[in-house]
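Protein chains: 2
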Amino acid sequence: MRLNTISKIKEHNVKIAILGGTGNEGFGLGFRWAAAGHEIIIGSRLAEKGAQAAKDMLAKLAGGVIVSGTDNLTATQQADLVVLSVPYSAQEKTLATVAEALAGKLLVTVVVPLGEKAARVWRPPSGLSAAEEAQQQVGDQARVVAAFQNISAHHLLDADHDIECDVLICGEKGADKDLVAQLCADAGMRGVNAGPLQNASVVEGLTSVLVGINIRHKIKNAGIRITGI
Amino acid sequence: MRLNTISKIKEHNVKIAILGGTGNEGFGLGFRWAAAGHEIIIGSRLAEKGAQAAKDMLAKLAGGVIVSGTDNLTATQQADLVVLSVPYSAQEKTLATVAEALAGKLLVTVVVPLGEKAARVWRPPSGLSAAEEAQQQVGDQARVVAAFQNISAHHLLDADHDIECDVLICGEKGADKDLVAQLCADAGMRGVNAGPLQNASVVEGLTSVLVGINIRHKIKNAGIRITGI
Numbered sequence: 001m002r003l004n005t006i007s008k009i010k011e012h013n014v015k016i017a018i019l020g021g022t023g024n025e026g027f028g029l030g031f032r033w034a035a036a037g038h039e040i041i042i043g044s045r046l047a048e049k050g051a052q053a054a055k056d057m058l059a060k061l062a063g064g065v066i067v068s069g070t071d072n073l074t075a076t077q078q079a080d081l082v083v084l085s086v087p088y089s090a091q092e093k094t095l096a097t098v099a100e101a102l103a104g105k106l107l108v109t110v111v112v113p114l115g116e117k118a119a120r121v122w123r124p125p126s127g128l129s130a131a132e133e134a135q136q137q138v139g140d141q142a143r144v145v146a147a148f149q150n151i152s153a154h155h156l157l158d159a160d161h162d163i164e165c166d167v168l169i170c171g172e173k174g175a176d177k178d179l180v181a182q183l184c185a186d187a188g189m190r191g192v193n194a195g196p197l198q199n200a201s202v203v204e205g206l207t208s209v210l211v212g213i214n215i216r217h218k219i220k221n222a223g224i225r226i227t228g229i
Numbered sequence: 001m002r003l004n005t006i007s008k009i010k011e012h013n014v015k016i017a018i019l020g021g022t023g024n025e026g027f028g029l030g031f032r033w034a035a036a037g038h039e040i041i042i043g044s045r046l047a048e049k050g051a052q053a054a055k056d057m058l059a060k061l062a063g064g065v066i067v068s069g070t071d072n073l074t075a076t077q078q079a080d081l082v083v084l085s086v087p088y089s090a091q092e093k094t095l096a097t098v099a100e101a102l103a104g105k106l107l108v109t110v111v112v113p114l115g116e117k118a119a120r121v122w123r124p125p126s127g128l129s130a131a132e133e134a135q136q137q138v139g140d141q142a143r144v145v146a147a148f149q150n151i152s153a154h155h156l157l158d159a160d161h162d163i164e165c166d167v168l169i170c171g172e173k174g175a176d177k178d179l180v181a182q183l184c185a186d187a188g189m190r191g192v193n194a195g196p197l198q199n200a201s202v203v204e205g206l207t208s209v210l211v212g213i214n215i216r217h218k219i220k221n222a223g224i225r226i227t228g229i
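Same order as they appear, the protein sequences are chains A and B.
The numbering used here puts the first sequence at residues 1 to 229.
The numbering used here puts the second sequence at residues 1 to 229.
To be clear, the hints were calculated from the coordinates, so they are not data collected in a lab.
Some hints could be false.
As a list, the in silico DSBU-like pairs of lysine-lysine whose alpha-carbon atoms are at most 35 Å apart [what the hints assert, rightly or not]: (1) A/K173 <-> A/K218; (2) B/K173 <-> A/K218; (3) B/K105 <-> B/K49; (4) B/K93 <-> B/K49; (5) B/K173 <-> B/K218; (6) A/K93 <-> B/K105; (7) B/K173 <-> B/K105; (8) A/K218 <-> A/K117; (9) A/K173 <-> B/K15; (10) A/K218 <-> A/K105; (11) B/K49 <-> A/K117; (12) A/K220 <-> A/K55; (13) B/K105 <-> B/K220; (14) A/K117 <-> B/K105; (15) A/K218 <-> B/K105; (16) A/K105 <-> B/K218; (17) B/K117 <-> A/K117; (18) B/K220 <-> A/K173; (19) A/K220 <-> B/K15; (20) B/K218 <-> A/K173; (21) B/K220 <-> A/K220; (22) B/K220 <-> B/K15.
Per label pair, the in silico range of CB-to-CB distance [claimed, not checked]: (23) A/N13 <-> B/L157: 45 to 53 Å; (24) B/G115 <-> A/E92: 26 to 34 Å; (25) A/S126 <-> B/G139: 23 to 31 Å; (26) A/I229 <-> B/R190: 17 to 25 Å; (27) A/N13 <-> B/I219: 55 to 63 Å; (28) B/R190 <-> A/N13: 35 to 43 Å; (29) A/I229 <-> B/G115: 20 to 28 Å; (30) A/D162 <-> B/R190: 30 to 38 Å; (31) A/K218 <-> B/G104: 28 to 36 Å; (32) A/A90 <-> B/K60: 50 to 58 Å; (33) B/L157 <-> A/Q78: 51 to 59 Å; (34) A/A96 <-> B/D140: 44 to 52 Å; (35) B/G139 <-> A/K117: 22 to 30 Å; (36) B/G139 <-> A/Q141: 42 to 50 Å.
Covered by chain B, per the in silico footprint, the following chain A stretches (three or more residues, Cβ under 8 Å) [stated by the list, open to error]: (37) 26 to 40; (38) 81 to 87; (39) 94 to 106; (40) 163 to 177.
Glycine is no exception: its CB is placed at the ideal position from the N, C-alpha and C atoms.
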C-alpha cells in the first residue's frame with residue numbers, strides 16, 4: 001500500500017471538497033485522501049446526506065483524520081480544491097449550484113459521460129468531453145483538470161489493495177497536473193500527464209472500453225498502465 | 001520473443017496484403033508476420049516501391065519466408081486479409097483504389113488520424129473514427145476491424161524485443177477480432193477485445209496521448225497495458 005502516512009504529508013495537506021462524494025467513486029477517493037492526511041468535505045445535494053456519508057467514512061478510518069459532510073455549495077466554499085464526482089447527467093446542474101464559490105479554485109473532474117450502453121463509447125452531443133464542457137461552464141473563474149476517470153471504485157475502500165491502474169491527467173497547466181499527480185500518489189496511484197484538456201475525451205471514452213472488458217472477462221477492475229516510462 | 005515459429009503456425013497461415021506496407025508501421029508488422037509464417041504482400045501506390053520494400057524485408061529475414069511487393073490493388077486481389085497502413089490523409093484515396101477487390105475480405109485498419117499537433121487528440125471532421133469512415137466507404141463488401149493503432153513502430157523490426165503494449169481490437173464480429181488477436185500473438189503482442197468499431201475513436205485518440213507522453217519523457221515507445229485480466 002503506497003498511501004502516504006499522515007505524518008509525512010501534513011506539510012502539504014489540502015482541503016478537498018468532493019461534490020457527489022456520497023457515490024462510490026468520490027467516497028472511495030475521499031477515504032484514501034483522508035487517510036493520507038487531507039481534510040475532506042463531502043458534498044451532496046442534501047446536507048444531511050453529506051453529513052451521513054462523513055459519519056460512514058469516519059467509521060472506516062483510524063482517528064486523527066478530518067472528514068465532514070454538507071451540501072455541495074457549502075463544501076465548495078470551505079475547500080481549497082474541488083472534486084466533481086457526479087453522474088454526467090447531474091454535471092451541469094451541480095456546477096451551476098457552486099459556480100461562484102469555485103472562483104480561484106482548482107476543479108478536478110472525475111465525470112465520465114456514458115450512453116445507454118456503458119460499454120460503447122459515447123460523447124456529449126456538443127462533441128466535447130465532459131471535462132471541456134465543465135471548463136466552458138465555469139469560464140475563467142476556475143481551472144479544470146480531468147483525472148481518475150478510469151479508476152474502478154471497486155478497491156478504493158480496501159486500503160491494503162494496490163490500484164492496478166494509472167491515472168491519466170489532462171489539463172492546461174503543468175503545475176495543476178503536478179498537484180493532481182501528488183493527489184494520485186497520496187491515494188496509492190501513479191498519475192501520468194496525458195496532455196491538454198481536449199485529450200480528456202479519450203480518457204473518458206477509455207472508461208467505456210474498460211467497462212466492456214470487465215463484462216467480457218467477468219471482472220470489476222480492468223485498468224490501464226502506461227508502459228515505457 | 002513470443003513470435004510463433006514457422007513450423008508451429010503453417011496450418012493457419014494467412015495471405016496478408018499490407019497497403020502502405022512501405023511505411024514503418026506496416027513494414028514492421030509485415031516483418032513480424034512473415035517471420036511467423038504468414039505470406040506477406042507489400043502494397044504501395046507504385047508497384048516498384050512495393051517490390052523494393054519486399055526485397056528489403058527479405059534481406060532482414062531468414063530463408064523460408066514468403067514476401068512479395070506490388071501495387072495496392074494487385075496486393076489486395078492476391079490476399080485473404082488486407083491491412084490498411086497509410087496516413088489518414090491517404091485513407092480515402094487508397095480505399096477507393098482497392099474497393100472492389102476487398103469484397104469478402106477482412107480489412108484491418110491501423111490508421112490513426114492526427115492533427116497538426118500530433119499530441120493533441122484530433123478527430124476527422126465527420127466526428128467518426130477513421131475506422132468507421134473506412135467501414136462506411138467500403139460498405140457491406142468488407143468488414144473492418146481496427147487494431148495496432150497504439151503500437152510504436154520503433155521496436156517492430158527488432159525481433160528480440162518484446163512489444164510492451166497491448167493491442168486494442170475494435171470491430172463488430174467476435175470471430176474477426178479473434179483472428180486479429182491471433183495475428184497479434186503471431187507478432188509477439190497481446191490483443192484485447194476493446195468492443196465495437198465505434199470504440200475505435202478512443203483507441204485512435206490514445207495514440208495522440210502516447211505521442212505526448214513520448215515527447216514529455218523523451219522516449220519513443222510509450223504504450224499501454226490492460227490490467228486486471
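### Query
Within 35 Å, alpha carbon to alpha carbon, are B/K117 and A/K117?
With a Cα-Cα distance of about 32 Å, the restraint between B/K117 and A/K117 holds, given a limit of 35 Å.
### Query
Does the alpha-carbon distance linking A/K173 and A/K218 stay inside the 35 Å limit?
violated (38 Å)
#### Entry: Hinted pair A/K117 and B/K105, Cα distance within 35 Å
holds (29 Å)
### Hinted pair B/K173 and B/K105, Cα distance within 35 Å
holds (13 Å)
### Query
Against chain B, does the stretch 94 to 106 of chain A show at least 3 residues with beta-carbon separation below 8 Å?
violated (count 0)
### Pair hint A/K220 and B/K15, alpha-carbon separation not exceeding 35 Å
Not satisfied, since the Cα-Cα distance of roughly 38 Å exceeds 35 Å.
### Status of the given 35 to 43 Å range, CB of A/N13 versus CB of B/R190
Given about 41 Å between the Cβ atoms, the range holds.
### Message
B/K93 and B/K49 were given as a pair; does the straight-line alpha-carbon distance stay at or below 35 Å?
### Response
holds (18 Å)
### Task
Look at the Cβ atoms of A/N13 and B/L157 and judge whether their distance stays inside 45 to 53 Å.
holds (50 Å)
### Message
Against the 35 Å threshold, does the CA-CA distance of B/K218 and A/K173 hold or violate the hint?
### Response
holds (19 Å)
### Message
Quick check: does the Cβ-Cβ distance between B/G139 and A/Q141 fall within 42 to 50 Å?
### Response
holds (49 Å)
### Task
Quickly compare the C-alpha distance for B/K105 and B/K220 to 35 Å and report which way the hint goes.
Given that 35 Å is the threshold and the Cα spacing comes to 33 Å, the pair holds.
When the structure is compared with the earlier hints, violations turn up for hints 1, 5, 6, 9, 10, 11, 19, 27, 30, 37, 38, 39 and for no others.
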